[in-house]
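Novice: Numbering (the numbering used here), first residue to last: 70 to 176.
Just so you know, the hints here were simulated from the structure itself, not pulled from any lab data.
Hints may contain errors.
DSBU-like, lysine-lysine: derived pairs with alpha carbons at most 30 Å apart [to be verified]:
hint: 1; residue 1: K144; residue 2: K170
hint: 2; residue 1: K137; residue 2: K109
hint: 3; residue 1: K87; residue 2: K110
hint: 4; residue 1: K87; residue 2: K109
hint: 5; residue 1: K170; residue 2: K137
hint: 6; residue 1: K144; residue 2: K110
hint: 7; residue 1: K87; residue 2: K137
hint: 8; residue 1: K137; residue 2: K110
hint: 9; residue 1: K170; residue 2: K109
hint: 10; residue 1: K110; residue 2: K170
hint: 11; residue 1: K109; residue 2: K144
hint: 12; residue 1: K87; residue 2: K170
The calculated label-pair distances, taken between Cβ atoms and stated as ranges, are [said to hold, decoys possible]:
hint: 13; residue 1: T126; residue 2: E103; range: 13 to 23 Å
hint: 14; residue 1: E160; residue 2: K137; range: 17 to 27 Å
hint: 15; residue 1: N100; residue 2: T126; range: 12 to 22 Å
hint: 16; residue 1: N121; residue 2: K144; range: 13 to 23 Å
hint: 17; residue 1: T77; residue 2: G128; range: 13 to 23 Å
hint: 18; residue 1: E120; residue 2: E99; range: 29 to 39 Å
hint: 19; residue 1: D79; residue 2: S156; range: 35 to 45 Å
hint: 20; residue 1: D79; residue 2: K137; range: 11 to 21 Å
hint: 21; residue 1: K144; residue 2: E99; range: 17 to 27 Å
hint: 22; residue 1: T126; residue 2: E99; range: 30 to 40 Å
hint: 23; residue 1: M70; residue 2: G158; range: 20 to 30 Å
hint: 24; residue 1: S102; residue 2: T134; range: 29 to 39 Å
Computed from a predicted model, the values in this text were never measured in an experiment.
The C-beta atom is built at its ideal place from N, Cα and C for all residues, glycine as well.
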Amino acid sequence: MALYSTMTADQLQREMDKLRDQGEAAFNTENWSEYEVLMKKWYLAKSYLIENEFIPTIGQTYHLTEEKDTITVTKLEGIMAWGYRGSNGIEFAVPIAMLTKSPNATS
Numbered sequence: 070m071a072l073y074s075t076m077t078a079d080q081l082q083r084e085m086d087k088l089r090d091q092g093e094a095a096f097n098t099e100n101w102s103e104y105e106v107l108m109k110k111w112y113l114a115k116s117y118l119i120e121n122e123f124i125p126t127i128g129q130t131y132h133l134t135e136e137k138d139t140i141t142v143t144k145l146e147g148i149m150a151w152g153y154r155g156s157n158g159i160e161f162a163v164p165i166a167m168l169t170k171s172p173n174a175t176s
């Protein structure tokens, strides 16, 4: 399998479709660990697909998709946004595709 960073938009979309289907199957069989891995891979692929369209703002707080938490972005490294988790202040990184603007978040 090719690296996501070397794939075309069409290849990334096909990979995302495959991962979504596998993720749905894992969810339906309650295989939660496999589901989590597949969804993280989906968000990584999606991040490469949108990296030229969406650039997170340093200092901005974003809601984390599929989580009840936020991240305040402190730096960007490729498709990864680094920052501090709103719930506990721990520094971590997530793929940029997991970030959504939260109406309740502060900038």
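Novice: Check each numbered hint from earlier against the structure, then list the numbers of those it violates in ascending order.
Specialist: 13, 15, 17, 20, 21, 23 and 24
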